[in-house]
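Let the hints inform the model, and build the full structure from the sequences given.
Going left to right, the sequence shown walks through residues 0 to 802 as numbering that gives the first Met the number 0 numbers them.
These are computed hints drawn from the structure, not numbers from a lab. No experiment lies behind these values; they were computed from the predicted model shown. There may be inaccurate statements among the hints.
Cross-link-like lysine to aspartate or glutamate pairs, in silico, DMTMM-like; alpha carbons within 20 Å at most [stated by the list, open to error]:
1) K740 <-> E759
2) K674 <-> E524
3) K788 <-> D730
4) K400 <-> E325
5) K674 <-> E463
6) K775 <-> D739
7) K400 <-> D372
8) K544 <-> E520
9) K740 <-> D690
10) K695 <-> D739
11) K347 <-> D281
12) K60 <-> D132
13) K269 <-> E325
14) K40 <-> E126
15) K473 <-> D132
16) K291 <-> E541
17) K60 <-> D130
18) K187 <-> E427
19) K347 <-> D296
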Amino acid sequence: MKFSLSWLARYLDTEAGLQQICDTLNAIGLEVEGVEDPAAKLEGFRIARVLTAARHPDADKLQVLSVDTGEGAPLQVVCGAPNARAGLVGVLGLPGASVPANGMVLRKSAIRGVESNGMMCSTRELELGEDHDGIIELPEDAPIGTPFAQYHGASPVIEVAITPNRPDCMGVYGIARDLAAAGLGTLKPIAFAPVSASFTSPVDVRTEDAEGAPALYGRVVRGVTNGASPQWLQDVLIAAGQRPISALVDVTNYLSLGYGRPAHAYDLAKLTGALVARRARDGETATLLNEKTYTLDGEITVIADDAEIHGVAGVMGGEHSGCSAETRDVLLEIAYFDPERIARAGRKLNLTSDARGRFERGVDPAFLDTAMDLLTALVVETCGGEASEVVRAGAAPATPKIVHFDPALTQRLGGVTVAPAEQQRILESLGFSVVASEAGFDSDWAVTVPGWRPDVDGAPDLVEEVVRIHGLDKVESVALPRADGVARPTATPAQMLERRLRRAAAARGLNEAVTWSFLPEAEAEAFRGEDALWVLANPISEDLKAMRPSLLPGLLSAARRNLDRGASSLRLFELGRRYLRGKGGASDERVTLGVVLAGEKTPRGWATGKAVAFDAFDAKAEALALLAEAGAPVDRLMVMGEAGTQFHPGQSATLRLGPKSVLARFGMLHPATAKLFDIDGPVAMVEVFLDAIPAKKGAATFARTAYAPPALQAVTRDFAFLAPVHLAAGDLVRAVQGADKANIVAARLFDDFRGAGVPEGHKSLALEVTLQPVEKTYKDEDIKAVSDKVVAAAAKLGATLRG
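This is the structure we're talking about:
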């Protein structure tokens, strides 16, 4: 919200300076985001009179001017404006001045061989308007030589951040009310000359949607002249960041910015029949002031006549019925719309506007008649004409909200002592009506909340109002009491697991990445799986439209950006949430850990030769290590296929506890997916589903188990099996390890041979089996018994011991 100091002075009688006003705004919760001083931008520009104007000797469209600056001899200036002439009083930019519109620094220079000592300026160049057809023309009596900023009365512009709970401060008058309550002056009453009705309104106004549009008021003003608005009105709108358009449009913007009350003006000649607030019909379309056409549905309230829709209620008016220079009769509209309906309509249409921002926060329902009178007075003052009677359809909510308030609550909740009389003064200066009980100030008050404060619901809200106006800096800082003993850990087991995994991944040489939770729809679709995507109705951008169904797309995009910038080896991981559609379309967030390995695993060198790229076994090693750190029973995991279409078939797999319990998937990126992400070279990936890891049984404990190494030395034996070529080595390892659980503590594959001496359709798998004696050392017959069990377990899978 931006406003000039001069605009604030229209509503607040104060002697406070700019710095004091800004300090007070910050103190009462209206954060000042910036202050602009137009006078500083206009430094170096003076009022000057053109004495003579002669044609440039080498340019038909240029003139050589002799300009009186009020100091010393006249200056010679070259000018191309068509209205430059002798006797004109305008604005001269002297050498060294910076043009506000483009930042150009003026210098003494030669233009087509003729010396020029500055520039005569247009309103656009000084950011005072849009006119650029000629230079500024000031009145004949404008004081020559006076700095233009002083003559123009340039006022500092303050920009404040308005929180969503303060719709009353979406108008300058509400800000002035807060400053007055803080003791910075006196709030001026809303003053205007009421316009009496001269005729009966020729247009009927109705509301057929009492829920969405409880109240709709209309008033006709005929015989208007819609030209440029007065300079004072243009100045305050420009200071607020608005572009002056025409008098009829500017007065509605002034009402919206000045009093937080949106309004609309229709060209009466473009309306057919009555003006009606109603629900849109499914499939109806409307072309709005932004020149875009929108398809509507029955949940959206519109303003229409007998022929067509003329605007989405509370959001934006229609293009067809807007006022133009030819407008002679106008219908003014003041309405009260349901805030929730306005917010839903704006989100559905992906349409934002100043009107929507105010209506969805809640405008004052009691301000309808005053707003109509004020708007009518402004229109008649700036455009002339005569007004009809007001046609009122429906009624805005009128039941006042009453809050019972104990002034002692300010001390208990706010931590500051404020005298009851001062509390009453603060509340009443903010517009609240306070009725104290007969018992005096020591018991509950009945406080009536004004219509412009829909955010106040209960007594704690009143405490907040009292404390912020009294002064947040007066609240004493009190240290919290120290807890006795050592504070107990507050992290949940899930949080502890995430911390442990982050440390483990970093210890393995992986670099943590933090990527967006939103993805381009095409990338999200590539990793969607069987579930539907969550697609945002109102995304930040098209590249952040879908919520990620996997962490891998974000990591792949990060890998691509780094590879494109010359990175040779990337080891990235991310721990976060992926978002799925649960049963019935419910949101389902799942904690996941993703890993991407791209580029060179080892660089080229004299010992290694060529650079070695990452492969599926590197991905498997990362998956197993991270699962082990997460507490998964790694020794019982099954390696199975079907990792997903994003992975390379034959170079990927899943790690499961059962046929349906997938704990992780790993492997190489599919070439088609690599093409989608524009990645060259092999990429290995891992995705660990932390929500699928079974929780440990028993109570959680922070103590580690005691280290108890075995008393006897382990024994290793090697076995070489002839196995069918289709037999997965992992299945054989698992079968061997489970052959004698009392003695076999580990089994490891160390060779896979297919060549001379191995029959066709078979392979040789060599395993190292570790036996651990517990009570006594093994004898030969003990080891032979275990070996027989190993051979028997392998035989069940079709593997035989090699001769």
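List of violated hint numbers, smallest to largest: 1, 4, 5, 7, 9, 10, 15
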